[in-house]
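Trainee: Same order as they appear, the protein sequences are chains V and Z.
Just so we're aligned: the first sequence equals residues 1 to 518 in the numbering used here.
Just so we're aligned: the second sequence equals residues 1001 to 1147 in the numbering used here.
Note that these hints are calculated values from the structure, not bench results.
Idealized CB from N, CA, C, for every residue including glycine.
Heads up, some of the hints might be wrong.
To be verified - Straight-line distance between alpha carbons at most 20 Å, and here's what the computed EDC-like set of lysine to aspartate or glutamate pairs gives: (1) Z:K1081 / Z:D1046; (2) V:K271 / Z:D1046; (3) Z:K1024 / V:E301; (4) V:K215 / V:E364; (5) V:K215 / V:D240; (6) V:K271 / Z:D1040; (7) Z:K1084 / Z:D1040; (8) V:K485 / V:E262; (9) V:K215 / V:D205; (10) V:K352 / Z:D1046; (11) V:K126 / V:E136; (12) V:K352 / Z:D1105; (13) V:K418 / V:E436; (14) V:K105 / V:D67; (15) Z:K1024 / V:E294; (16) V:K132 / V:D93; (17) V:K221 / V:D255; (18) Z:K1084 / Z:D1105.
What the hints assert, rightly or not - Each pair of labels, with its calculated beta carbon distance range: (19) V:A311 / Z:M1091: 56 to 62 Å; (20) Z:N1052 / V:L324: 47 to 53 Å; (21) Z:Y1110 / V:N316: 27 to 33 Å; (22) V:Q248 / Z:R1108: 48 to 54 Å; (23) Z:D1101 / V:R220: 46 to 52 Å; (24) V:A311 / Z:Y1110: 56 to 62 Å.
For reference, the chains in residue letters:
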Amino acid sequence: MKRLVFTSIEQKLRAVIVATTAIALFLVTVAFVVNEAVTYRRAIRQELTALANIIGRNAVAAITFGDQKSVAMTLESVSAKPQIKAAALILPDGTVFARYGTPAKAVAHLMRSLSGPGHSAKDRQKALADYKQHAERAWTWDGDEDVVVPVLLDGQEIGMVIVNSSLSDLYHRLEGFFVMVILITYVAIGIAYGVATRLQRPFLDPILHLVQTTKMVSDRKDFSVRAIKQSNDELGQLVDGFNAMLSQIQKRDADLERYAAELQDGNEELKSFIYSAAHDLRAPLVNIRGFTGELGRAAQEIQEITEKHAANLPGNIRQRLSALIGEDIRPAMGFIGTSIERMSGLINALLKLSQLGHRDLRPEPLDLRDVVQTSLRSLQHQIDLKSAVVEIGDLPAVTADRLAMEQIMTNLIDNAVKFLLPDRPGRIVIGSRQTEEGTVYLVEDNGRGIPRADMPKLFRIFRRLGAQDAPGEGVGLAYVKTLVKRHGGHIWCESEPGQGSVFSFTIPQQDPAMPKRC
Amino acid sequence: MENHKSVTILLVEDDVGHATLIEKNLRRAGIANTIVTVNDGQKAVDFLFKQNAYQHDDHPVPILILLDLNMPVMDGYQVMKILKADERTRMIPIVVLTTTDTPQDVSRCYDLGCNVYITKPVEYEQFSEAIRNLGFFLNIVKIPEKE
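Bound-form chain Z, shown alone (with noise of 0.2 Å):
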């Protein structure tokens, strides 16, 4: 599966401990691709428009985000809204990864743009293939590149 290298994954989880294992589970699942993870919403969003921290980063693409919803300075909700307010980052797939499942958190992600919500605790091997899945989808579907 080496194509499935060249997507990178961005992990936005405050929870050192839940990022440890999803990283974990991934790559036992036989996820090579690189993974980036960051603690909070406002750092994803400074690392996707290379602004602040990560001004002078070199931008991979494309990019598959793994977002949490509670978290500090930045929730996952205002990630999603702004991601999906820009033309540069409407079209990135993100995946829900989250603690909470009552009906209406799980609707209002899907408004706002999320493509899977899947709840914690996760079961990894559907987890891992719905990973796969959508790497595959971004590695055949290109992603118009703007810049």
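So here's chain V without its partners, still in its complex pose (with noise of 0.2 Å):
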């Protein structure tokens, strides 16, 4: 069955009932229709027997005297019937002894098989037996009744007579029910219709309703709307079980909202905390590299002044002397001077990052090649060095901070070009591709790529991943997802080991309200 396509419930509801009460009518129709032809038929076919029994008695006296006109004149009397169309009475061995009326049909076919020339004793037999089967069945479709019934002498049958009757009558009287069962049905229609349309209110408002209600909630985002119970019924708890489901999910995002603010708190904690700590470790730094310089000094000095005394000292001494100098002082000096660098280096990217999340972000419509131009240019010699070849797709303007756009895209060709084999033609790709959450900015490579167990860790600061043969803090992708968070898109990363990576970034452009700190 083809399946309703109406825009509306109402109307599906409309349709069903209307269509219910047409297919009920239908059948109480059909039935009705059955019965009156089953029992007009029945009537009229004890009436034709009756009546042909009445003949038959009349005829047997003339019958035994072959009195035919008396027969004819008796069968004609049958004619106050409209619907009698013929009569006749007929001999045991065919013979037509009387009849009467215009026979068509079934009996038509009798009568020239009966006295037409040439028909044997056989054939006539074969022909009033075929008439009388056709008779007795209780349903021909000729549109005729046709009554066979025996002439009966002292229980010998001398001759049977037969009436046939129209049954226009009937048919009359069904094309009458009809026009009526027509007329009905399009009244019936009307009035389930109107039944309908008025029944279906209480079923229909509840749910029109509640479709208003989760309309106003989705388009407003305000979970604090019920909806309201008119119904005891299925509806009615429905009605009851939406509400409840609103109660927790209002609760749960004024939960949420709460947790962000929270992790927003811990977040902006977390951050002025490194950046106290990595600053306030730069007071010690400053002093261990400074007396470390003067350490150093000083070793300078005595090694100087023992060079210079070496004449007055013994031996063992002079060597004691030179092996702490040269062995322990300066080795642990080296060390400590490296160290120092490093750490160094950690507490500037340290603050470098903390303050990232601080600065003022300028959005600016940008030509990202522009961008990408002014990147490649600071790493032309890299990029030489290893005789990469970069490739620029297409790349759809954006609207964005143009040097958070510039240290991304430097990052991120940076460690391109940083991890490109050196047995192969290296080769970067920086371009985009449409998706359904807007442009993704991508930067390929065909570089010696990440392994799988490393991926979690890629955008952690401070971690450096694979073999350590290229320099850098471990710094470069920290400040890279930190600049994409703050123009509130992510960043990610496919990678093959051996085959090369992508990371890919999206910037959202709908949201004009950029988050100004996160």
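Mind assembling these two chains? They're in different frames, but the hints should get you there.
Mentor: Written out as structure tokens, the structure is:
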């Protein structure tokens, strides 16, 4: 069955009610018509049989005396009934003793078979038997009713009376019925439509109200709206359930907002904590660096004094002194020096990262090709060293902070160049593709790739992955992630070890209110 | 460089280590001026205005201030505000020496009237050169005496 394609539930409901009414009405009508036809035919058959019996009884003497005229008169008397088209008295040998009316259909065929020339007795018998069979059948479809009644004398069949009646009366009546049925159906459907319209309100109104409420909730993002319960039936339960769900969502929404605020607070706190911690680490570092220098100078002086007075010192003391200075103090100073440099670098990186979150972004419409060109110029030396090929694909305009975009691109391209494999020509593609969530910007390389196990650590600060054969503090991707996040976007990486990596990020454009701090 | 001796350097620094290093390096670079060290901003202000502990101190002039920013009691910003607001101390050159290098802090210091902003750890060669130049500058351009 084809589905109902009405737009509203109201129309569907109405269609169902009207269709049900129409089907019920149709079935009732069919039953009525069938019953009418059966009853009518049974009645007419009884009537015709009675009539034939009377004719037969009246004809007994006439047959005996061969008085065809008298039988013909009797037959004629049945003409009082207009439906009766023909009647006849036929002798057992098939001779038509008397007849009346214009035979048609089965009777006409019988008459032709009985009285026509060239028909043998056997033929006539067969035609008679056929007709009898036809007449005895309860239902014939030729529009006539035929009755055959034997004429008996002392239990002996001496002839038979056949009466043929038209069923036109029945058909007239059925035609009348048909017109009436159409009329009634028409009226009934009209009434059903009206009643359906009126009766479906109690079902429809709560549903429409629910629909309106859900629309309100989703349009205004207002979870404090509640649907009004109008009845205690299943629809009432639905409204209750809907309201309960809204309450839960409202509570969760409030919870989420609170968590977000708490997270934001915690994040801010953590950021300022990182900033002050890193900043305060600088003061002792200045001392360590400065006094290491002083110690170095002191050692130098001791060495000079030792050398100057070498002649006055016993050999073993001289050796011990130069060993202390050359093998203990100097290497120790060396280690302290490199550690200070490393620590200073880490502290600077931390400070830079925590300051990134506080710089005000100035979003402006940017031609990303310009931005990428700027980044490429600053990296030209590295790119030339690796003789890498850089391709710039389609880059739609974006509204973002210029400096941030430059830093993002420079860091990503720098990484791509840094981790190219020496044994195949480097190829870096900078482009974009359109997805459901807008433009995704891509920096793709055919470098050494990133092992799956290292993926979760990729964007964390101070994480340097894989072979430590390239310089860096391990902060580049952490910067990039911070900058992308501050633009409301997100960044991710797909990589196949040994094949290359693709860094993708989004910079959402629809929301002009960018989070200033995150 | 005899003329440099006349300039007294007031080093305002709460970290003893930093103070020691600054002094050592200035001396090593050949700066022989008197260096007075105080460990918080309040003491610097007291020293310059001859008040509280420095009531009976003889006030050496001219003066050059090496100022740290993060200090207990009174920080470097407050010191600068007070000095620049007072006619007597308005002209004293101030060199800010600090571990902070955020652009906001640097511009705030220049707004408050600092002459040179130097970030620790210090490149002592350049630092000494700057001090020398400032001292030289002080000796040529006489500060009008108000007292």
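Trainee: Hint by hint, say whether it matches the structure.
Mentor: Hint check:
Distance hint between K1081 of chain Z and D1046 of chain Z is fulfilled; the C-alpha atoms sit about 14 Å from each other, no more than 20 Å. A threshold of 20 Å between alpha carbons decides the hint, and for K271 of chain V with D1046 of chain Z the separation of about 37 Å lies outside it, so the pair is violated. Of the pairs offered as hints, the one joining K1024 of chain Z and E301 of chain V holds, with about 16 Å between alpha carbons and a cut-off of 20 Å not exceeded. Only pairs whose Cα atoms come within 20 Å are accepted, and K215 of chain V paired with E364 of chain V is rejected, the gap being roughly 36 Å.
Proposed proximity of K215 of chain V and D240 of chain V is supported: the alpha carbons are some 17 Å apart, at most 20 Å. With a CA separation close to 28 Å, the supplied pair K271 of chain V and D1040 of chain Z exceeds the 20 Å bound. Pair hint K1084 of chain Z plus D1040 of chain Z holds up; C-alpha atoms about 18 Å apart against a cutoff of 20 Å. Restraint check: the Cα-Cα separation between K485 of chain V and E262 of chain V comes to about 18 Å, which is no more than 20 Å; the hinted pair holds.
Restraint check for K215 of chain V and D205 of chain V: the C-alpha separation of about 15 Å stays at or below 20 Å, so the hint holds. About 37 Å separates the Cα atoms of K352 of chain V and D1046 of chain Z, which puts this hinted pair outside 20 Å; it is violated. For the hint linking K126 of chain V to E136 of chain V, the alpha-carbon distance of about 15 Å falls within 20 Å, and the restraint holds. The suggested pairing of K352 of chain V with D1105 of chain Z holds, with an alpha-carbon distance near 14 Å, which does not exceed 20 Å.
As the CA atoms of K418 of chain V and E436 of chain V are separated by approximately 32 Å, the hinted pair breaks the 20 Å bound. Distance hint between K105 of chain V and D67 of chain V is unfulfilled; the C-alpha atoms sit about 28 Å from each other, more than 20 Å. For the given pair, K1024 of chain Z sits about 9 Å from E294 of chain V by alpha-carbon distance, which is consistent with the 20 Å threshold. Distance restraint check for K132 of chain V and D93 of chain V: the Cα-Cα separation of roughly 14 Å lies within the 20 Å cut-off, and the hinted pair is therefore satisfied.
For the hint pairing K221 of chain V with D255 of chain V, the CA-to-CA distance comes to about 15 Å; that is within 20 Å, so the pair holds. Using a Cα cut-off of 20 Å, the hinted pair K1084 of chain Z and D1105 of chain Z holds, with the two alpha carbons roughly 17 Å apart. The supplied range of 56 to 62 Å is met by A311 of chain V and M1091 of chain Z, whose beta-carbon atoms lie about 58 Å from each other. The hinted range of 47 to 53 Å is satisfied by N1052 of chain Z and L324 of chain V, whose Cβ atoms lie roughly 49 Å apart.
Judged by the Cβ atoms, the range 27 to 33 Å given for Y1110 of chain Z and N316 of chain V is violated: they are separated by roughly 60 Å. In this structure the hint that Q248 of chain V and R1108 of chain Z lie 48 to 54 Å apart at CB holds, the actual value being about 50 Å. Against the hinted window of 46 to 52 Å, the Cβ-Cβ separation of D1101 of chain Z and R220 of chain V comes to about 48 Å, which satisfies the hint. Roughly 58 Å separates the CB atoms of A311 of chain V and Y1110 of chain Z, a value that falls within the hinted 56 to 62 Å.
Comparing the model with each earlier hint shows violations of hints 2, 4, 6, 10, 13, 14, 21; every other hint is respected.
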